[in-house]
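Protein chains: 2
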Amino acid sequence: MANSASGESIIGRFVKIVSAFDDRHPAMSVAELGRRTGLPVTTTYRLVNDLLLERLLEREPGGDIHIGTRMWELASRGSKMLGLREAALPFMEDVQAVVQHSTTLGILDSDEVLYIERLGSDRTIVDITKIAGRLPVHATSSGLVLLAHSPAAYQDSFLARPLTKFTETTLTEPAALRRHLAEIRQRGFAAMPGVIVPESSGIAVPVFGPDNTVRAALSVVVPRNEENASARVPVLMAAARGISRALGWRGELKGTLRQSH
Amino acid sequence: MANSASGESIIGRFVKIVSAFDDRHPAMSVAELGRRTGLPVTTTYRLVNDLLLERLLEREPGGDIHIGTRMWELASRGSKMLGLREAALPFMEDVQAVVQHSTTLGILDSDEVLYIERLGSDRTIVDITKIAGRLPVHATSSGLVLLAHSPAAYQDSFLARPLTKFTETTLTEPAALRRHLAEIRQRGFAAMPGVIVPESSGIAVPVFGPDNTVRAALSVVVPRNEENASARVPVLMAAARGISRALGWRGELKGTLRQSH
DNA sequence: CTGTCGATTCCCGCTCAATGGTAATCCTCC
DNA sequence: GGAGGATTACCATTGAGCGGGAATCGACAG
Numbered sequence: 003m004a005n006s007a008s009g010e011s012i013i014g015r016f017v018k019i020v021s022a023f024d025d026r027h028p029a030m031s032v033a034e035l036g037r038r039t040g041l042p043v044t045t046t047y048r049l050v051n052d053l054l055l056e057r058l059l060e061r062e063p064g065g066d067i068h069i070g071t072r073m074w075e076l077a078s079r080g081s082k083m084l085g086l087r088e089a090a091l092p093f094m095e096d097v098q099a100v101v102q103h104s105t106t107l108g109i110l111d112s113d114e115v116l117y118i119e120r121l122g123s124d125r126t127i128v129d130i131t132k133i134a135g136r137l138p139v140h141a142t143s144s145g146l147v148l149l150a151h152s153p154a155a156y157q158d159s160f161l162a163r164p165l166t167k168f169t170e171t172t173l174t175e176p177a178a179l180r181r182h183l184a185e186i187r188q189r190g191f192a193a194m195p196g197v198i199v200p201e202s203s204g205i206a207v208p209v210f211g212p213d214n215t216v217r218a219a220l221s222v223v224v225p226r227n228e229e230n231a232s233a234r235v236p237v238l239m240a241a242a243r244g245i246s247r248a249l250g251w252r253g254e255l256k257g258t259l260r261q262s263h
Numbered sequence: 003m004a005n006s007a008s009g010e011s012i013i014g015r016f017v018k019i020v021s022a023f024d025d026r027h028p029a030m031s032v033a034e035l036g037r038r039t040g041l042p043v044t045t046t047y048r049l050v051n052d053l054l055l056e057r058l059l060e061r062e063p064g065g066d067i068h069i070g071t072r073m074w075e076l077a078s079r080g081s082k083m084l085g086l087r088e089a090a091l092p093f094m095e096d097v098q099a100v101v102q103h104s105t106t107l108g109i110l111d112s113d114e115v116l117y118i119e120r121l122g123s124d125r126t127i128v129d130i131t132k133i134a135g136r137l138p139v140h141a142t143s144s145g146l147v148l149l150a151h152s153p154a155a156y157q158d159s160f161l162a163r164p165l166t167k168f169t170e171t172t173l174t175e176p177a178a179l180r181r182h183l184a185e186i187r188q189r190g191f192a193a194m195p196g197v198i199v200p201e202s203s204g205i206a207v208p209v210f211g212p213d214n215t216v217r218a219a220l221s222v223v224v225p226r227n228e229e230n231a232s233a234r235v236p237v238l239m240a241a242a243r244g245i246s247r248a249l250g251w252r253g254e255l256k257g258t259l260r261q262s263h
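As they're listed, the protein sequences go chains A and B.
The first sequence begins at 3 in my numbering and counts up one residue at a time.
The second sequence begins at 3 in my numbering and counts up one residue at a time.
Check before you lean on any hint, since a few could be wrong.
Which copy? The list can't say, so a pair holds if one copy fits it or any two copies do.
Listed next, the in silico BS3-like pairs over lysine-lysine satisfying Cα-Cα at most 25 Å (straight line) [what the hints assert, rightly or not]:
id: 1; residue 1: K167; residue 2: K132
id: 2; residue 1: K167; residue 2: K82
id: 3; residue 1: K167; residue 2: K18
id: 4; residue 1: K82; residue 2: K18
Hints are computed from structural coordinates only; laboratory data are not their basis.
Note that the coordinates shown come from a computational prediction; the quantities given were computed from them, not determined experimentally.
Work out the full structure: start from the sequences and follow the hints.
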């Protein structure tokens, strides 16, 4: 689907280029960009020029390239993400004010948890979540909550694949995970002590949309030693219900249990 | 620069397609997308398919297309915007808690003000700012603050072009505007009663970066009848200094006045 | 059930924009 | 001044993109 020898479309290369930037590498020279993406030198320069013209990329004084303002603008303008984020933010602030550690909002995307908002000073405990960052589903409280309320078919396909064991407490056995998911559905929240990082634990609750399906997971990360972690659950649940309602959710209808399996 | 009859590159068409979505039209059929962009039918379908493959666009159950999660993720991951936003958010919350009306953070982009964050319930007064929305520089308090602290050369080129008069109080005369900008620099804030919307006024103050240049404008929108509007200025200024400091600003150095003109 | 209209997919020959190698030029920094 | 990297210029080749047209699907009305 492309003129290129490697058989990629321009769109594919565009994604490659933009993907080369992350929080570790927010800006780089065109040559380095070419190296990181593996694209031929000339091609990189030509493509980058096109992107600069449209302001999807921008050149800073030093000559380095970084992602352009236009890119963010276009991505945000018509995005459903903004609605979710805006609905959630006030409630997240309340949670943040009470719980004092970092509060995150994550969604399920491409079999991973994508964090779309995060509150909390960086001086808090170890927390590897970042806005626009991804983490595995089965090793985060947010991910497990999202998975627990996903359609059965999706759960099956997810559990069918091999899962990485990050720490001792990471569940990777399908059967054990299924039991855990059922428990999460029943209790209404997920609590995971040190699943990726041993020192911290996460607590997450689901946020629902008008059609009663999960939209996101609201979660807090607290130090693991804190034993009364579950004392945080009610606050989270109340906030999550508030967000759900702001999204148009009208409460659980009798008899309309979310399909679990 | 393209295979197309109209002489557009694929990148250009990509931008056209993504630009077709906004908060009024967050999702649409491919056919409608083709109509809105003016692209040939077949071309639209082919391009949309490419974009769906990369998940830059997504197809919802009904068949309609909307901007994909991936798009937001890519735009955010390497963006400098996130840093600014994250630095500003806590201070904005404080302002918001005290002032009670909507609080916005805007930057100068392509000769317009681009709002990158906005706090405030929608039930407040008339406020046409939206996240990822644009407004003209000379008709917003944020824009005037940004312009007032921009390099002289930019100011000159900006003032050289014809400016739209939105309401009675909109300044469009270069000389008058220059005087106003000087005043803004001297007072440290801009206050604009009903420049675009007659019922509300905006107050804005500058946010500086480490190199002592303007990065953004922090502003609040309040009802116009409120005469003690300027009582809000100190709060805004304190917050703006906090944000500036979080960005690495170290206070105004003696003798290093920002180039005004 | 049939007809209409719109959205979507399939088909296909043409063609020029995109490609990517090579080489020249422009920078820094030592 | 020259070594090494980044950037731009040049250019022959070619297949990806193009877009008109027709077929198919789907919803709705009569």
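A quick look at each hint next to the structure:
1. K167 - K132: Within. Shortest intra-copy distance 21 Å satisfies the 25 Å Cα cut-off; inter-copy 43 Å does not.
2. K167 - K82: Classified as neither; 33 Å inside a copy, 34 Å across copies.
3. K167 - K18: Classified as neither; 29 Å inside a copy, 44 Å across copies.
4. K82 - K18: Both ways: K82 and K18 sit 24 Å apart in one copy and 19 Å across, limit 25 Å.
Hint check: violations occur at hints 2 and 3; the rest are consistent with the structure.
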